[in-house]
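The residues making up each chain are set out below.
There are 2 protein chains.
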Amino acid sequence: MEKSRRSFWTWGYVADEPSEVQRQAAAKAAYERTGIAVEPPPIPAIADIKLRKPRLAVPSFLSQFVTSEKVDRITHTYGGHSLELLRAIRGTFDEPPDAVAYPETESQLEQVLEWCVSNDFTTIPYGGGTSVVWGLNVPQDATRAVSIDLERMNQILEVDEVSRAANFQAGILGPSLEAQLKARGLTLRHYPQSFPWSTVGGWVATRSGGHYATNHTHIDDFVESIRMLSPAGWYESRRLPGSGAGPSPDRMVIGSEGTLGIISSVWLRLQKRPVFRASAGVLFDDWMRGTEAVRAIVQTKLYPANLRILDPVEARNAAGVRGNQALLIIGFESADLPQRLQIEQAVAVARVHGGVVHDDDVVVDDGTGQATGRGGSVGAWRNAFIGVNAGVQLGLGVLSDTFETAITWDRWPTFDATIRHEVGKALQEALGDAAALSCRFTHVYPDGPAPYYSFSGPVALGQEQEAWQHIKDIANQTVVAAGGTITHHHAVGRMHKEAWEQQRPELFGAMLRSLKQSLDPRNNLNPGVLIDSC
Amino acid sequence: MEKSRRSFWTWGYVADEPSEVQRQAAAKAAYERTGIAVEPPPIPAIADIKLRKPRLAVPSFLSQFVTSEKVDRITHTYGGHSLELLRAIRGTFDEPPDAVAYPETESQLEQVLEWCVSNDFTTIPYGGGTSVVWGLNVPQDATRAVSIDLERMNQILEVDEVSRAANFQAGILGPSLEAQLKARGLTLRHYPQSFPWSTVGGWVATRSGGHYATNHTHIDDFVESIRMLSPAGWYESRRLPGSGAGPSPDRMVIGSEGTLGIISSVWLRLQKRPVFRASAGVLFDDWMRGTEAVRAIVQTKLYPANLRILDPVEARNAAGVRGNQALLIIGFESADLPQRLQIEQAVAVARVHGGVVHDDDVVVDDGTGQATGRGGSVGAWRNAFIGVNAGVQLGLGVLSDTFETAITWDRWPTFDATIRHEVGKALQEALGDAAALSCRFTHVYPDGPAPYYSFSGPVALGQEQEAWQHIKDIANQTVVAAGGTITHHHAVGRMHKEAWEQQRPELFGAMLRSLKQSLDPRNNLNPGVLIDSC
Chain A
15 MEKSRRSFWT WGYVADEPSE VQRQAAAKAA YERTGIAVEP PPIPAIADIK
65 LRKPRLAVPS FLSQFVTSEK VDRITHTYGG HSLELLRAIR GTFDEPPDAV
115 AYPETESQLE QVLEWCVSND FTTIPYGGGT SVVWGLNVPQ DATRAVSIDL
165 ERMNQILEVD EVSRAANFQA GILGPSLEAQ LKARGLTLRH YPQSFPWSTV
215 GGWVATRSGG HYATNHTHID DFVESIRMLS PAGWYESRRL PGSGAGPSPD
265 RMVIGSEGTL GIISSVWLRL QKRPVFRASA GVLFDDWMRG TEAVRAIVQT
315 KLYPANLRIL DPVEARNAAG VRGNQALLII GFESADLPQR LQIEQAVAVA
365 RVHGGVVHDD DVVVDDGTGQ ATGRGGSVGA WRNAFIGVNA GVQLGLGVLS
415 DTFETAITWD RWPTFDATIR HEVGKALQEA LGDAAALSCR FTHVYPDGPA
465 PYYSFSGPVA LGQEQEAWQH IKDIANQTVV AAGGTITHHH AVGRMHKEAW
515 EQQRPELFGA MLRSLKQSLD PRNNLNPGVL IDSC
Chain B
15 MEKSRRSFWT WGYVADEPSE VQRQAAAKAA YERTGIAVEP PPIPAIADIK
65 LRKPRLAVPS FLSQFVTSEK VDRITHTYGG HSLELLRAIR GTFDEPPDAV
115 AYPETESQLE QVLEWCVSND FTTIPYGGGT SVVWGLNVPQ DATRAVSIDL
165 ERMNQILEVD EVSRAANFQA GILGPSLEAQ LKARGLTLRH YPQSFPWSTV
215 GGWVATRSGG HYATNHTHID DFVESIRMLS PAGWYESRRL PGSGAGPSPD
265 RMVIGSEGTL GIISSVWLRL QKRPVFRASA GVLFDDWMRG TEAVRAIVQT
315 KLYPANLRIL DPVEARNAAG VRGNQALLII GFESADLPQR LQIEQAVAVA
365 RVHGGVVHDD DVVVDDGTGQ ATGRGGSVGA WRNAFIGVNA GVQLGLGVLS
415 DTFETAITWD RWPTFDATIR HEVGKALQEA LGDAAALSCR FTHVYPDGPA
465 PYYSFSGPVA LGQEQEAWQH IKDIANQTVV AAGGTITHHH AVGRMHKEAW
515 EQQRPELFGA MLRSLKQSLD PRNNLNPGVL IDSC
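Taken in order, these protein sequences are the chains called A and B.
Quick note: the first sequence, position 292, residue 306 per the numbering used here, numbers continuous.
Quick note: the second sequence, position 330, residue 344 per the numbering used here, numbers continuous.
None of these hints come from the bench; they were simulated from the model.
These numbers were taken from a predicted model, which means no experiment stands behind them.
There's no promise every hint is true.
The list makes no distinction among identical chains, and a pair is therefore deemed to hold if it is satisfied within one copy or across any two copies.
[Claimed, not checked] In silico DMTMM-like pairs for lysine to aspartate or glutamate, Cα to Cα no more than 25 Å straight-line:
(1) Lys67 <-> Glu436
(2) Lys67 <-> Glu53
(3) Lys286 <-> Glu358
(4) Lys315 <-> Glu172
(5) Lys286 <-> Asp350
(6) Lys42 <-> Asp134
(7) Lys196 <-> Asp424
(8) Lys64 <-> Glu34
(9) Lys196 <-> Glu109
(10) Lys315 <-> Glu358
(11) Lys511 <-> Asp134
(12) Lys315 <-> Glu175
(13) Lys511 <-> Glu250
(14) Lys42 <-> Asp379
(15) Lys315 <-> Glu192
(16) Lys315 <-> Asp380
(17) Lys315 <-> Asp350
(18) Lys439 <-> Glu478
(19) Lys67 <-> Glu515
(20) Lys286 <-> Asp424
(21) Lys196 <-> Glu520
(22) Lys315 <-> Glu478
(23) Lys439 <-> Glu46
(24) Lys196 <-> Asp108
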């Protein structure tokens, strides 16, 4: 059934694994940074990995789509965080699921969930496996655990071209979805960095952030309705363009991260494929002035599709900007209308705030497919920005990770200074003077930005976990103490659970537990994610 | 403390009551329609209204702001639905609250809620009293009931001009809020029809629909954070521009209609006051073609502030359009940027779909305060549309009401035909051949419109309730059976509870009950609203 086997040490499938050539090149780049030569660690053979025996037996009536094969258990032990993948590449698989299910139909989904619940198994909904927040691991205290992988429930069930919406099975991957929509002139245009390997169900369960930098940023904004199987039964919301009837049933499920049920299918709003485009890269001598320009543009409510600013470190690394300049990328797109005036209006606002862009570097495609303008830094940035490969840098003596948040504009300058000071200090302590910290905005709201921080630095082999934990603890504490959200679009999982407790209303934990009690009374689904096991 | 006493037979205060002259004029208009001369019913004197004795005694430590005065109990017996006001004007007050509280501080709010809960009183949060869905009445089976009116908690606590947001106490009324923001060049621009008499807390509790016809339509879209007192304690969400951390704590409260707690204050996103404006009124010979134009415009994502179409009946009555034409009102506004191109783009799309508007009738104000263009039907419509007076038509032999919904575009033509057929039949049965049914869109989404139906017709005095119930039953059944939502922005209350049960996920009732159990374990808050008492 599978088009390819999942990789156990990178995002996606075996075909997505980096080559030895790529890993050697990465090792060379790491050496240039750290001064310590490290060979890429060998990839263990499946046969050499030691795995505890399954602690349950798959009954024959489920054996068509539930398996305890070693390779399936190995490939469902970890999500996509680099520390997990590092453990994988080092052959450590202490807590594999005891079985993996691949339901192809709702009937099979019902069968396997009923088997899990009636046997009180820990049950882990699995989409594309790209969680970076420890959202799909088997808890140490689980006595028996089953991972339910939705990859065979990957069809588009219905397309409504009039309303521009479609009903997707939860396990469909980004590229497959877009390829099928393309034939109808439609697109979802939701591109989290995990896009090639993550699923509609995963996006909804984790509140993923997508293509649009302004206005409709999260998958939340595209959901028309959700169909989900919980231990208490099916949960299906009505497909509506809007409603004001009571608290929203969808909003209870969006962000529930597999703790309430297994999402089976979702109606999502679509777009017509854009043919009119306009973009510009605007340079700022000062990072804070650049972010002021972003505020001014987003508050005009022009709603550009792209409005992402890179601080000078990121502008240099990702787009080849020389000097100490921040780079703001502004982009408009439309299926219906020319966007020339919109980009002119946005650029004019940016210039008022000190932004520099030559008129000839404003790129406009008035629907002909032939853009005018030179593009400048935008093209370089686009090429650098797309393409995450979570495997290539593993075990080379460089630790890198990201964290993202959102904060209102009034607090933003102090927030950024505090993060750079506190996390910078933690980086220095954990990774030394060569550590680097940088920032960009991935999404922007009229009342505040969603800053995305990246850090990296040399780390001694074997010290990755400890160094990372120190940095992460400080980052979590600082983000929450300074008024931010612990995550803007990476989800809570187990990684952010404690910090999230500090952030959310105190009574909210009890409310989530009561919701869970209604749908998952025996606490089988993803225990320990979002809330402590109850 | 009160600037004016609340009216017991119309929305708002005594000063808002229609005059005898207005009521006589309404009676004349009713006669012209029904052919039956009816005198406006006399307004009973407070002293002549019979009220049962209070079933509780206000303790002295609360007597500063809790009262069992007759006038307070009378003015808190009913919401704003015309059938309620009709009972009021006829002097019928069978189920008054036993006391009314007017807390001025959070400490007083705590005191009164604790008193209510510890004595197991039915407790009814009361904002502006404009509920049209029986959302604030004392249930017949309540043994003792207290209404908590937030009108003295009416301050703006903080304004953040940088992020464009402010923290409002829940009891602030629309006009007071706007007057204070105006001094700072800001505006909320949330104008439900109840705007002059309704409150921020009420808007959030009931998911009110506002000024913007597209994009951000409900108050939901403007909420940054909520502070609410529940019987289990304070519930306060963090003020953020966006977040992806778990299910949204705000979305549990938004639409909870007073069943989980009493909203004390809310941070809402604001706008700078618009100075650039552009609008046009476009005529269509065919209602369905007009709605197709609306679909085309909203799917371009130009996001006009106004995009409201009136069917020929409404176009004639509200804007003086002759002949059998639908009227589409398109409006753009901005604090920062000229909107001339936007209106031109929208008008061009409308014309492609058969819309007719003379170039000279497109009104553009490029920030000078001097608009160019003649305006045509838009001005007439604006004058007719604003100004609801719920008291003037009471008891004159005309029954009128509205219901609103939302439906995806693919189902819209059939939906409209079904509503007109089924509800039209019910109207004929209940009100006779002179009954009228009409429709406009109040809000529009890329995936579907929010149609708003109005009906009216002659009714025999004393038969109003029975006639209305027949029509309403059919309307509810038809809306839900045809795939719509039972309410787009009028809330659920008790009026829509049963129909809502048909619409929402079957498990959702249990989830709401479990949420309520967490925050209001003794079921004191607004029992019978949204869900059956538990």
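Hint by hint, here is what the structure shows:
In this assembly of identical chains, the alpha carbons of lysine 67 and glutamate 436 never lie at most 25 Å apart, being 45 Å within a copy and 64 Å across copies at closest. Taking the shortest alpha-carbon separations for lysine 67 and glutamate 53, neither the intra-copy value of 32 Å nor the inter-copy value of 88 Å comes in at or below 25 Å. In this assembly of identical chains, the alpha carbons of lysine 286 and glutamate 358 lie at most 25 Å apart whether taken from the same copy (23 Å) or from different copies (21 Å). For the identical chains of this complex, lysine 315 and glutamate 172 are inter-copy neighbours only, at 23 Å across copies versus 33 Å inside a copy, given an alpha-carbon limit of 25 Å.
Proximity of lysine 286 and aspartate 350 under a CA criterion of 25 Å is satisfied intra-copy only: 8 Å inside one chain copy versus 28 Å between copies. In this homomeric assembly, lysine 42 and aspartate 134 never come within 25 Å of each other (Cα to Cα): the closest approach is 49 Å inside a single copy and 72 Å across copies. Taking the closest pair of Cα atoms, lysine 196 and aspartate 424 come within 25 Å of each other only across two copies (20 Å); inside a single copy the shortest separation is 42 Å, beyond that limit. Taking identical chains as interchangeable, the C-alpha atoms of lysine 64 and glutamate 34 lie at most 25 Å apart only when both belong to the same chain, with a minimum of 24 Å there against 90 Å between chains.
In the homo-oligomer, the alpha carbons of lysine 196 and glutamate 109 never lie at most 25 Å apart, since the shortest distance is 40 Å inside one protomer and 60 Å across protomers. In this homomeric assembly, lysine 315 and glutamate 358 come within 25 Å of each other (Cα to Cα) both inside a single copy, at 14 Å, and across copies, at 18 Å. For the identical chains of this complex, lysine 511 and aspartate 134 are intra-copy neighbours only, at 24 Å inside a copy versus 36 Å across copies, given an alpha-carbon limit of 25 Å. With identical chains, the CA atoms of lysine 315 and glutamate 175 are at most 25 Å apart between copies only, with a shortest distance of 16 Å across copies and 27 Å within one.
For a Cα distance limit of 25 Å, the shortest separation of lysine 511 from glutamate 250 across copies, 18 Å, qualifies, whereas the shortest one inside one copy, 27 Å, does not. In this assembly of identical chains, the alpha carbons of lysine 42 and aspartate 379 never lie at most 25 Å apart, being 40 Å within a copy and 61 Å across copies at closest. Only between protomers do lysine 315 and glutamate 192 lie at most 25 Å apart by alpha-carbon distance; the minimum there is 21 Å, versus 28 Å within a single protomer. Taking the shortest alpha-carbon separations for lysine 315 and aspartate 380, both the intra-copy value of 22 Å and the inter-copy value of 17 Å come in at or below 25 Å.
In the homo-oligomer, the alpha carbons of lysine 315 and aspartate 350 lie at most 25 Å apart both inside one protomer (19 Å) and across protomers (9 Å), since each shortest distance falls under that limit. In the homo-oligomer, the alpha carbons of lysine 439 and glutamate 478 lie at most 25 Å apart inside one protomer (17 Å), although the nearest pairing across protomers, at 73 Å, exceeds that limit. For the identical chains of this complex, lysine 67 and glutamate 515 are neighbours neither inside a copy (36 Å) nor across copies (47 Å), given an alpha-carbon limit of 25 Å. Taking identical chains as interchangeable, the C-alpha atoms of lysine 286 and aspartate 424 lie at most 25 Å apart only when they sit on different chains, with a minimum of 16 Å there against 36 Å within one chain.
For a Cα distance limit of 25 Å, the shortest separation of lysine 196 from glutamate 520 qualifies neither inside one copy, at 45 Å, nor across copies, at 35 Å. Neither within a single protomer nor between protomers do lysine 315 and glutamate 478 lie at most 25 Å apart by alpha-carbon distance, with minima of 43 Å and 47 Å respectively. For a Cα distance limit of 25 Å, the shortest separation of lysine 439 from glutamate 46 inside one copy, 23 Å, qualifies, whereas the shortest one across copies, 81 Å, does not. For the identical chains of this complex, lysine 196 and aspartate 108 are neighbours neither inside a copy (42 Å) nor across copies (62 Å), given an alpha-carbon limit of 25 Å.
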